[in-house]
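In the order they appear, the protein sequences are chains F and R. Residues 1 to 180 in the working numbering are what the first sequence spells out, letter by letter. Residues 1 to 402 in the working numbering are what the second sequence spells out, letter by letter.
Because the hints were derived from the structure by calculation, they are not lab data. As the structure is a prediction and not an experimental result, all values here were calculated from the model. Hints are not guaranteed to be accurate.
Said to hold, decoys possible - Facing chain R, a subset of chain F residues (Cβ under 7 Å, in silico):
#  : residue
1  : A23
2  : P29
3  : V32
4  : L35
5  : P92
6  : P101
7  : Y102
8  : Y109
9  : G162
10 : D170
11 : T171
12 : G172
As the list claims (entries may be wrong) - What follows is a list of derived Cβ distance ranges for each label pair:
#  : chain 1 : residue 1 : chain 2 : residue 2 : range
13 : F       : P165      : R       : D250      : 15 to 21 Å
14 : F       : G75       : R       : R102      : 34 to 40 Å
15 : F       : P26       : R       : G47       : 25 to 31 Å
16 : F       : E48       : R       : S181      : 33 to 39 Å
17 : R       : S363      : F       : E77       : 52 to 58 Å
18 : F       : A167      : R       : K261      : 17 to 23 Å
19 : R       : P51       : F       : E77       : 36 to 42 Å
20 : R       : G177      : F       : E48       : 28 to 34 Å
21 : R       : V326      : F       : G75       : 48 to 54 Å
22 : F       : G75       : R       : S142      : 23 to 29 Å
Note that the Cβ used here is the ideal one computed from N, Cα and C, for glycine as well.
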Amino acid sequence: MRSACLMLVAVALMQAQTGKYGAGRPPTPQEVKALDISVPPSGEGLPEGSGTAVEGKEVYARRCQRCHGAEGKGGDEVALVGGSGTLNTPKPLKTVGSYWPYATTLFDYIHRAMPFKDPGSLTSNHVYAVTAYILQLNGIIRANEKMSAESLPKVKMPNRDGFIPDARPDTGKVKGTTKR
Amino acid sequence: MKKGSNRRKFLFSASLGAAMTGCRQGEKPAAEDEGPNRLGKPVSEYGDRSPHEKSKRLKPETKTPEAASTRTPLQDSYGILTPAALHFERHHSGVPAIDPARHQLLLHGLVDRPLVFGMDELKRLPSVSRIHFVECSGNGRSEWSAKGAPDAQRSQGLASCSEWTGVPLSLLLAEAGVQSSAKWLLAEGGDASKMSRSIPLQKANEDILVAYGQNGEALRPEQGYPLRLVVPGWEGNINVKWLRRIKVVDEPVMTKDETSKYTDLMADGKARIFTFVVDAKSLITYPSGGQKLAAKGFHEISGLAWSGRGKIERVEVSTDGGKSWVNARLEEPRHRMAFTRFRLPWTWDGSETVLVSRCTDESGYVQPDRAQLIEARGMNSDYHNNATKPWQVMADGSVKNA
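For reference, chain F alone in the conformation it holds in the complex (with noise of 0.2 Å):
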């Protein structure tokens, strides 16, 4: 009797230990950090490594100009740099400088997608400085200054308030009137 209650224990434990169904088995240390390369605002996560404007304008002629237009004006691809003061007209830019909120936003989308040809081809101190220079084209930040795990969450983008929650449903009532 004695022996069948710790045997429940035991199962019990291993059952919090293992969940329901037992499903999956645990991920080792090197398999989360090859995958997670999400940055959040907090800037968690974002990898050792620094780069400055004056560094990303070389890596951007090479790699990022040729969609993206000299100094970010756009080409085959939308602009990264301008707008400013737009928004509420009825021709609104948007791009980094007058629309996204937050710059660890572009480190994240740089470094997980950019080139669209060749993705992960940058190392992180290729994206930290490209990152730089886009923000520096923006007139967001100097072109000396360096981007790295700490400065780059504290960049204050100009748009950073301009996002409001989801206000739907914002239409539905019923207008004219029904045949029953």
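Using the hints, position chain R against chain F.
Frame of chain F, contents of chain R only:
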């Protein structure tokens, strides 16, 4: 088969540009292999549709077809399910090649037990099958302009509906043991853009599926093979395809696709963020733009309605440009956050008129018209245009955007 449906098929193929002008059904000479006295083709392992059926997705002209979308030919659809091969596409960095034997889902972050699942392990778990639409929140973008799109496919083809089979995400989260500080999830794809979105944890506990099946078979590569999220009733982009990672977090990650894109700019320059829910929408698919009524007399008006807030409760149709409305018949069963087919008998008297539909969902929300949307949001919000779509029937039977 219902009387008139052959004529309907003829009209559809005619509208698709088949070279049958001036040729009534039955008058076309038979092909050599056609007819009941010819030995037919042998059995096959994976079927194709009839060579007479030409309905297809609409591809855009673009230099980067890997970051583009195709549109479902809603005007040709029967019932509520979209064939997987015609389900709309939206990719940000192309369709990745993924070997399911090597594909894994990592679930980590604010959990007691981080876990990695292989495809075989996932498929062993308790699964469910559910019919849900997926709609890109950019669907209907052309309808912000006064001109609007000329046909159903160009106007609303970024919406499709499938039966999805998968494991409830809540089950996987329970396996990992979500910690009390958790409020959001980050879902990430294994495509070249590693497309990622933040999702409130509460939605995962309601109805999100980690899906591997679509319409009775494995997901198509362009629909996320071998694994994707299905987030019922929420904008398409958040239904992350090629799912490789879910991180449980305490605040949204603020990814590119939830800040610079998929946010709705209001007239005052402020933008709504995390606009997840798809508002109720309906669309007449027959008669619709680009089609032609062959003759006066009986035509069944038919269309699709859907809502991210649950079931469709009512679809009203006006055949006089919105002066009067009648309730259309809704096909049963009606599923939550799924296409609902509506039908209304109509006799066309041969005069010019405007047809339009308007739906109401189970929350009581009524589909607005374009003017109501613009009044509420201005002209810059891009996403979530669910305005009613009027079609003008001309005296010669042709149908165009009203």
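How the hints compare with the structure:
1. A23: Constraint on F/A23 satisfied, holds at 5 Å.
2. P29: The hint is violated - F/P29 has no Cβ within 7 Å of chain R, the shortest such distance being about 10 Å.
3. V32: holds, 6 Å
4. L35: holds, 5 Å
5. P92: Holds, because the Cβ-Cβ distance from F/P92 to chain R comes to roughly 5 Å (cut-off 7 Å).
6. P101: Holds - the Cβ of F/P101 comes within 7 Å of chain R, reaching about 6 Å at its closest.
7. Y102: holds, 5 Å
8. Y109: Holds. Min distance 4 Å.
9. G162: holds, 6 Å
10. D170: It holds, given that the least Cβ distance between F/D170 and chain R is near 4 Å, below 7 Å.
11. T171: holds, 4 Å
12. G172: holds, 4 Å
13. F/P165 to R/D250: 15 to 21 Å: holds, 18 Å
14. F/G75 to R/R102: 34 to 40 Å: holds, 37 Å
15. F/P26 to R/G47: 25 to 31 Å: Because 43 Å falls outside the window, the suggested range is violated.
16. F/E48 to R/S181: 33 to 39 Å: Given a distance of about 27 Å, which is not inside 33 to 39 Å, the answer is violated.
17. R/S363 to F/E77: 52 to 58 Å: Given range 52 to 58 Å: violated, Cβ gap about 39 Å.
18. F/A167 to R/K261: 17 to 23 Å: holds, 19 Å
19. R/P51 to F/E77: 36 to 42 Å: holds, 40 Å
20. R/G177 to F/E48: 28 to 34 Å: Holds, since R/G177 and F/E48 (Cβ atoms, about 31 Å apart) stay within the stated range.
21. R/V326 to F/G75: 48 to 54 Å: Check passed, 52 Å falls within 48 to 54 Å.
22. F/G75 to R/S142: 23 to 29 Å: holds, 25 Å
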